[in-house]
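Line by line, the protein sequences are chains B and S. Here this note's numbering is used: position 240 in the first sequence is 240, and no number is missing along the way. Here this note's numbering is used: position 39 in the second sequence is 39, and no number is missing along the way.
Fair warning: there could be bad hints in the mix.
As the list claims (entries may be wrong) - Per the computed footprint, the stretches of chain B lying under chain S, defined by three or more beta-carbons under 8 Å from a beta-carbon of chain S, are:
| no. | region |
| --- | --- |
| 1 | 101-109 |
| 2 | 234-246 |
Unchecked claim - One side of the interface only, derived from the structure: several residues of chain S facing chain B at Cβ under 10 Å:
| no. | residue |
| --- | --- |
| 3 | Phe27 |
| 4 | Leu115 |
| 5 | Arg118 |
| 6 | Leu131 |
| 7 | Gly256 |
| 8 | Ile263 |
| 9 | Gln296 |
| 10 | Gly300 |
| 11 | Leu301 |
| 12 | Val306 |
To be verified - Here are a few chain B residues that sit away from chain S, every Cβ distance over 10 Å (derived from the structure):
| no. | residue |
| --- | --- |
| 13 | Val4 |
| 14 | Ala63 |
| 15 | Ala65 |
| 16 | Leu85 |
| 17 | Tyr126 |
| 18 | Ala154 |
| 19 | Leu155 |
| 20 | Gly166 |
| 21 | Leu167 |
| 22 | Ser182 |
| 23 | Ala183 |
| 24 | Ser202 |
| 25 | Leu257 |
| 26 | Leu282 |
| 27 | Leu289 |
Please keep in mind that the hints were generated in silico from the structure rather than gathered at the bench. By construction, the Cβ of each residue, glycine as well, lies at the ideal position given by its N, Cα and C atoms.
Listed here are the chains, written in short residue letters.
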Amino acid sequence: MNTVFTILVDGVTYASWLFIVALGLTLVFGVLKILNIAHGSFYALGAYAAASFVGWAASMHWAPAFSLVAMLLAAVVVAAVVAPLTERGLLRFFYGRDEVLLVLVTYAMFLILEDVTKLVWGTNPYYVSEPYGLFGNLNVGVQTWVGYDFALVALAVIVGLLVWWGLNRTRQGKIVLAVIHSAEVAASMGVNVSRVYMLAFSVGIFLAALGGAFTAPMISVQPGVSVGVIIVSFAVVIIGGLGSIEGAAVGALIVGLARSLAVHTAPVAELFSIYIVMAVVLVFRPEGLFQRTQARKI
Amino acid sequence: MDSSPAKPTDSATPARRRIASAGLGVFALLAVAGFFSPKWLTFLVTMAAANGLVSLGIVGLMRGGVVPFGQGMSFAIGGYTAALLFNKLGLTDALALPFAGGLVAVVIAVPFAPLLSRYRGIFFAMLTLALSMVTYGLLMKLELLGGSDGFNLGRPTLLGRKLPDARVGYILYLVTIGVATVMALLARAYFDSTRGLVTLAVRENELRVEYLGGSVRQAMAINFVLAAFCGGLGGALVVMSLGHIEPNFSFWTTSGEFVFVAILAGWQSVAAVFVASTVLEVVRSFSSAYFPNTWQLALGLFLLFVIRFLPRGIGSLWMKGSAR
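Here chain B stands alone, though its shape is the one from the complex:
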């Protein structure tokens, strides 16, 4: 019974940040039709920026609670600086090209960003420990959990609801939905499609950076964090269905639980449990769990 509970809690906390990151990935795919390999690099940028910002806040002797603001700020700055640069400066030249080719464009972007992060932050690991203790510990039965993990779950829920609300209940969001449905028709109705692209891409990057910034306290921020995150978040969006918010949530939960189940019952399977789930979903529902099958255009 206890193990079941542990597995559930570990799975859900792992799913929380993963959902935030995957939500960005699925949004960018939904609008721009780009499966973004560089998404993990934006996650890493967020983590690095958070490390710098939190360190800076600490050196100013601000209250530890301010480090949360610093992390949020880090994500905003990454999105505000990097998104326009990559979307306007690079991606727009490749719109309309084959989906797989676009994957390779983002692969090139990933390679470039890998080295850019190394150039800016060096190769030594950073530790952002301050915020981790902010929420204290939580005793449940015999187990103790770090409060921060639960705060992350709350953050994920809030972010998910905000994005859902933004897309479905605001004018701007409905325009985005129109563009997702058909960029061409939307453009002919007077929608500024390239503005929507940039908006969606910025939000997507912001979510990646947010995920990175808020997981920074739980990991050591070092070269290579991007590499793992990309593939796991790919698994999430593939399982859930590309371009679907509910899909990202369910996908993140499935991946989180699959992983924690493997960790606690069969550690050997930790690394590939996620990909097995992904492969099985792809086999039976190639379009993902939450995606209606589309007729192939001739």
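Given the coordinates of chain B, assemble chain S onto it according to the supplied hints.
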């Protein structure tokens, strides 16, 4: 398992004979040049030729319009097969090992081929990626296979003879470029055969291929299996020269590099694959020596440049005639 329908010498049109003699000419030239080259250079070309084989398989699939993002799987399977045969069963022959590597890669790929042949675009890419990452996860955790550190293997023999210390690099170089030449010629013959042309037609319009009586899925499945053979072959050849194997062979970034080479080469020319592979090896070894922290940056910029300005790869530079 190489079901190439037409050998290059069979219906020997002058063009085919020309290609075959050009291939053999290049091989002879490289063999002589390698004899007088410094060790690092022969090693570099060995790696380029072996890795190029993996990318050759990807190009074969790309001709049908799909890009596998998990070719590291076949590469790793070939490598591990060769290394295990060497260490556990004592099979040390430098010609038998690559063939065995390719064969085992085929055996493992065959069950997946009918499944994968249903997928296109990013779904094909992602499913192959998932398979390679499962392989990676398995290899990392299996103590029998050395876990995350992998393991070493000794020096191969050739036709029952031990390789002399001074010449081992050169002989493995000869074996590698020899295998690469044969595979390149076979690939050319395959690409120009009926089935190879059906693959090209699939790229243009699948439905028409079906209406005309061709089987799209069969073509895709066969290409996938052939790609696995190429991948296994390449993996085994790399392992023999490297003397070491580790799970990273199956990691997605390794697969990414193979795709990089395939995109750089384009799908028209077979020779371009090996040229592109050599370019990557040269860039890799020079930049990791001189700018260790910016070589991926250079690679990324290069890839962007190719996609933007040479969308059909460097092969399109000298294959303009057949471009449509």
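To see whether the hints hold, each was checked on the structure:
no., hint, in the structure
1, 101-109, "holds (count 7)"
2, 234-246, "holds (count 4)"
3, Phe27, "31 Å, violated"
4, Leu115, "6 Å, holds"
5, Arg118, "8 Å, holds"
6, Leu131, "6 Å, holds"
7, Gly256, "6 Å, holds"
8, Ile263, "6 Å, holds"
9, Gln296, "4 Å, holds"
10, Gly300, "3 Å, holds"
11, Leu301, "7 Å, holds"
12, Val306, "9 Å, holds"
13, Val4, "24 Å, holds"
14, Ala63, "36 Å, holds"
15, Ala65, "36 Å, holds"
16, Leu85, "14 Å, holds"
17, Tyr126, "17 Å, holds"
18, Ala154, "31 Å, holds"
19, Leu155, "28 Å, holds"
20, Gly166, "26 Å, holds"
21, Leu167, "22 Å, holds"
22, Ser182, "19 Å, holds"
23, Ala183, "18 Å, holds"
24, Ser202, "21 Å, holds"
25, Leu257, "17 Å, holds"
26, Leu282, "5 Å, violated"
27, Leu289, "14 Å, holds"
Violated hints for the displayed structure, listed by number in ascending order: 3 and 26.
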